[in-house]
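*Asks:* Chains as they are written, first to last, in the numbering used here: chain A, 6 to 413; chain B, 6 to 413; chain C, 6 to 413; chain D, 6 to 413.
Hint data in this document are derived by calculation from the structure and do not stem from the laboratory. Keep in mind that the hints are not guaranteed to be accurate.
Note: identical chains are not told apart, hence a pair may lie in one copy or across any two.
To be verified - For lysine-lysine, the following PhoX-like pairs were computed, each having C-alpha atoms within a straight-line distance of at most 20 Å:
id, residue 1, residue 2
1, Lys348, Lys291
2, Lys16, Lys74
3, Lys291, Lys347
4, Lys348, Lys286
5, Lys286, Lys240
There are 4 protein chains.
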Amino acid sequence: MPRTAFEVDLKKTPEQQTVKTHNRWHPDIPMVENFKPGDTFRVECYDWTGGQIGNNDSANDIRDVDLTKVHYLSGPFGVEGAEPGDLLVVDILDIGPLPGSEWGFNGIFARDNGGGFLTEHFPEARKSCWDLNGIYTTSRHIPGVRYPGIVHPGLIGCLPSRELMEEANRREAELFATDPDRVPPLLAPPYAETALMGQMTGGAAEAAAKEAWRTVPPREHGGNCDIKNLSRGSKVYFPVYVKGGGLSMGDIHWSQGDGEITFCGAIEMAGYIDIGVDVIKGGMAKYGVINPIFRPSPVEPHFSDYLIFEGISVDEHTGEQYYLDAHVAYRRACLNAVEYLKKFGYTGEQAYMILGTAPVEGRISGIVDIPNVCATLAIPTEVFDFDIHPNADGPTRHVSGADVAKTS
Amino acid sequence: MPRTAFEVDLKKTPEQQTVKTHNRWHPDIPMVENFKPGDTFRVECYDWTGGQIGNNDSANDIRDVDLTKVHYLSGPFGVEGAEPGDLLVVDILDIGPLPGSEWGFNGIFARDNGGGFLTEHFPEARKSCWDLNGIYTTSRHIPGVRYPGIVHPGLIGCLPSRELMEEANRREAELFATDPDRVPPLLAPPYAETALMGQMTGGAAEAAAKEAWRTVPPREHGGNCDIKNLSRGSKVYFPVYVKGGGLSMGDIHWSQGDGEITFCGAIEMAGYIDIGVDVIKGGMAKYGVINPIFRPSPVEPHFSDYLIFEGISVDEHTGEQYYLDAHVAYRRACLNAVEYLKKFGYTGEQAYMILGTAPVEGRISGIVDIPNVCATLAIPTEVFDFDIHPNADGPTRHVSGADVAKTS
Amino acid sequence: MPRTAFEVDLKKTPEQQTVKTHNRWHPDIPMVENFKPGDTFRVECYDWTGGQIGNNDSANDIRDVDLTKVHYLSGPFGVEGAEPGDLLVVDILDIGPLPGSEWGFNGIFARDNGGGFLTEHFPEARKSCWDLNGIYTTSRHIPGVRYPGIVHPGLIGCLPSRELMEEANRREAELFATDPDRVPPLLAPPYAETALMGQMTGGAAEAAAKEAWRTVPPREHGGNCDIKNLSRGSKVYFPVYVKGGGLSMGDIHWSQGDGEITFCGAIEMAGYIDIGVDVIKGGMAKYGVINPIFRPSPVEPHFSDYLIFEGISVDEHTGEQYYLDAHVAYRRACLNAVEYLKKFGYTGEQAYMILGTAPVEGRISGIVDIPNVCATLAIPTEVFDFDIHPNADGPTRHVSGADVAKTS
Amino acid sequence: MPRTAFEVDLKKTPEQQTVKTHNRWHPDIPMVENFKPGDTFRVECYDWTGGQIGNNDSANDIRDVDLTKVHYLSGPFGVEGAEPGDLLVVDILDIGPLPGSEWGFNGIFARDNGGGFLTEHFPEARKSCWDLNGIYTTSRHIPGVRYPGIVHPGLIGCLPSRELMEEANRREAELFATDPDRVPPLLAPPYAETALMGQMTGGAAEAAAKEAWRTVPPREHGGNCDIKNLSRGSKVYFPVYVKGGGLSMGDIHWSQGDGEITFCGAIEMAGYIDIGVDVIKGGMAKYGVINPIFRPSPVEPHFSDYLIFEGISVDEHTGEQYYLDAHVAYRRACLNAVEYLKKFGYTGEQAYMILGTAPVEGRISGIVDIPNVCATLAIPTEVFDFDIHPNADGPTRHVSGADVAKTS
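Using the sequences provided together with the hints, build the complete structure.
*Replies:* In structure tokens form, the structure reads like this:
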């Protein structure tokens, strides 16, 4: 077990920690510690909400979550010799829950506080809690499924440079200005009030917080990519923008489907990540790298049988034809899968959460056949306790009784 | 070998065949033959262009292709007992090239005649030809790669009902009207002049051709889905809209990457498809099915190591931020992969065509992290003759000499 | 489709063919044709018995088969530049049935004419016939199972040198002499009477036939390895012992489980093999190669769920303890699987034949834990139409009615 | 994290523990604790030697190991309702090293103290030590390889009944009597002196120790099966012979190749196992189960490219022909792989240990082709830092410098 370079105490709030997390990205956040190429170390992380969500049967905490505070990140860590233009090679050696905290949650955010991929269909806050048993998870809120984990950091990346920060601030401000009052919003603009700037304090922190990136979207540095395949055993090559790199991470997911569609979309948990670091000098130019690239893990969960749903880019309510819109096509594929699963007794919310938490594959199958994209959603059939294949007799309602947690 | 229910003679043009193909979708196209549930039969198909493209070193034919004539489909076939509301269960038992025609082509269509996913980057017509050797393919135009086939019909589905036909015509006309002069066009509206209506003739055929669907997009019935995973050994459940079902197919691909990004995007070929049919009575309502669903094949090519590229929804030219636009994000992932492969000596066109023809996986990894989608493109590293992993020494230019076919 | 270098006409007996097959191995058998490194060609092959077995419902032909005549091999083929000490690189590009002959058979040989792995338990001749439908096979004699093919030559290799031939003759004669009257015999010694020596004729052929190897066992050159993973898409490196190599092949299997346990143990068929050849000069010494080595195919059937049976090296009848005997342990694992499958309604013979024909994996799991070997047999659960997992309710008898073909 | 039902303190010897392990199998060993069906619990285990081997650079401890003391097992655990004839359903939910003890060892036992599969070739004691880094392991003694773990209990099973114990004692005594002075011995007969009988004490323990099974071989109850696929996430069905079942386990392996060929053949370590239990009443008769059966894990390490070596049953020294001897054939396949790997610079001992520790697949490919078995050994090529495929240039010596630990 490598030495723990960043500890979190789940009995304290993020604000009470001795070594503070950061919930914004800024080039001047100081390194927590510097490592040599070849070093390995352990990083403990809060769940992305910093403990706002409880293991209980009410979705009130999902409804009321303060999204200006997320995501709580552990780091940044420096690597000796890493300079702008290099690639930081990161081995994600292991990830798991913190001892005594072997559970996770999945939330459907309310339309007026976060929303999600199918928010027009599921506008109310809902929650499911998941018990972690070795490599498997089950939920008292969603019977009939058991998944092996594909544990990964939803959020990992290096500190941006000032130039990159300002460029993204510019483009995001322009988009935001097109509809500043939209609910859900088009994006999360800088917001200083609830900013945690790591080991940066005082006036410098206050000034930086006003321009620092929010952590919600993925950007050139990686960040909140929510790629389920960055799992234990994968190797990632991150662009370096500041001296030392400044690697930070958090938002650990026990399992997630492609798209992370419920927004609070994976099985979210606090946990640890074991990291190995190395550097490829000048790697960005050598390999033409702008965004991170990576190799997946040899121990990803592995299935051979799937049931696959198609969707095309026609709006489900209005029948409007969209032009090569993969977003609409994937939404239709997801809605098709929800309807299918409901035939076995699941509520819509349960089915939606299964798609968010199970290791489903979301593919852009055809993207040139004007005007329709064909998106596909593949569900591994082995995660169900019962047979979900179509047959001549029609589906049997295997599921009843339990439902996801609601608000009161 | 099942009995051949539809023959094509590659020495003749589609217009010269005795039993005509059809290149439009219409509910009244007569069945070529009717089968019983449980039957199997062989269907021969033209390549999607009906033989317009040659196995040579000039892309002039790609530049000059007549896109009003595509796709040439074999069928429709009826199944006894199939009625609207049923699911037609289709086993794709085998697919392969026609004897003596073991080759295929991939084309980058010119921006002003078809275009493609990266048409702003690659606006000129280009072509590569591929030799098929058992399960593998290689190209004299793109050295250094060898793929196993993931052979599939790009286009397969049942005849639409009149209601479905009219509804799609409505929504497509509305979109088309928003920019009727766009190049490339927003979509392909009905066009009677070059229509082939199968066994329908005379005035009925002429009238039907004016309202019949063009074959370009996928729609509710399946159609031109271009899903590489509908490969030999898969099982598909199609919605039935007319009595007998009316299953037609064509546009056979030897291999294709997710998205079929060069538009003429797969390794296109003429070939045969062996089909088994069955019916699930009332299956659309029983399982809530709107679009086809399917199970993949146990003999899909199978890889464990990938190099994966990320893309986000920011325009590569203008730096404009798009809102949750998976199309832009996947384009960026593809462009990132093209730049990477160029470091090994490939031209941009070669790299683009590799992404179109190799069994790459295109995923919607994160689609809720406003405002960016994170799309990923996974390339199986084993398809290259050389090591494409990043390392400290940087890439070696392994590829030189050959290039894709150009216009004259 | 590569040019056919060796044709067989299934309407004729092997003895009636113009270009004769050979059913013995000898260094002096003349090459049928010589190829250059890089060439590809098609080879047609008889089924291993040369057409002695029919697609019918009687096992009389299995009972009465003349085993002195097997296996009928197509070749040998020379490769320019190949010399003793080289490695012949063989790409198995494709394999399939001959048009119009899409069926295969599996036989349990009678104890007194061939026997098999479980011959003490199943001493009578039995047969099952299998229909080939694209990538899948089913049998009227064994309901409830459908396999994808893992098509491969049971027998492939280069001609032995005189030295190698004589050395194997020596060691086999010594073993044979220890129990020359055993039934089944310990091995098949040279036997000139029914020898076919390819293009070798007259006195030379007669003389050679007296010392030529029978084709039954695998030896250093490869030969009758019956490795199911030498399937379409694999690449094999064969030791070269004579100038030109002299590659021959036959005994095509549509599918087989590890061990080929019923002896006539796969789904046996006539068919074609497409071959590519190359040479590694001095490869035997460079890589220390004595027996062939190979890389498997990326399109092997691929499953994620298995039910796995264990066996140890204790005799099932006498309770005798054997010392690290993997043969006994694997037999026990197979017998355990047979008993299990019988609980679902299969007869013992049906279960035995499933193990012989389905792509089961047979592993030497532990071979040092004195005195017991632990062998394991893994059955892919997806090949059954019904659920074979254990559960609290116990097995349901899904199978009834049909049985394998018997003798009359 | 489930409650720990069995603790081991690595600072103490097994003899010093408060709750004792047992190193013999006997029906009367008392349960440590009883659980209900559906319960989960954690079990800590010694490495199989109980701490006799150190993380250092001398193989003296391997040479001098006391094999009468192994294996130290944690348990037995009872399950309410389990009775003879039932199946105990065991979910192996998780396995890992104990915190602070993230290392393992592999040993070649001396020919005169244990031996191993290739003991005639490697008669001297040797050792390699392995560092565990998340899912991967590397060794300072064997450069150039890095494996993902396939962590599993080498030894797990239920207590035997008196009848089963006596029957195995009978058959083993008979075999032992055939050559009682053999080195290495034919098997390990009962030996009371160093027996640990768990919570059994006094005269009862002394009496039982004289008849109790040694733990070396696998038997009907499971035991020391050394099946690498019983890894985290697998589900095993054990025969129950005594009331409560009496499940015990130990001998944790971080990784192992099929056969565990170096005898101390895996990467051996102390660790924990998380277990879930359930019961199928009357399952032995319902399913015809004699030996355990199991389902493998969805998170086993997963590779697509292998280099595969063949072996036949001819003795490598004498040239003697064996009759269908899978043991000899697998030995030849292993020796072929050793010779191959030596061409890249490995010593024979390093190559031997790679085969013992990497997740290689050992298959019985053909077992009916008299007189030769064809065994195959498949090495996943991705575990090497360099390319091990054959090519025209021949192998490069990538490995030099380090070697395995020797005796002094």
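*Asks:* All the hints need checking, so say for each whether the structure fits it.
*Replies:* Hints versus structure:
Proximity of lysine 348 and lysine 291 under a CA criterion of 20 Å is satisfied inter-copy only: 7 Å between copies versus 53 Å inside one chain copy. Taking the shortest alpha-carbon separations for lysine 16 and lysine 74, only the intra-copy value of 18 Å comes in at or below 20 Å, while the best inter-copy value is 45 Å. When the C-alpha separation of lysine 291 and lysine 347 is checked against a cutoff of 20 Å, the pair qualifies only between copies, where the shortest distance is 11 Å, while the shortest distance within a copy is 50 Å. Taking CA atoms no more than 20 Å apart as the test, lysine 348 paired with lysine 286 passes between copies only; the shortest distance there is 16 Å, against 55 Å inside one copy.
Within a single copy, lysine 286 and lysine 240 get their C-alpha atoms as close as 17 Å, which meets the 20 Å cut-off; across copies the closest is 38 Å, which misses it.
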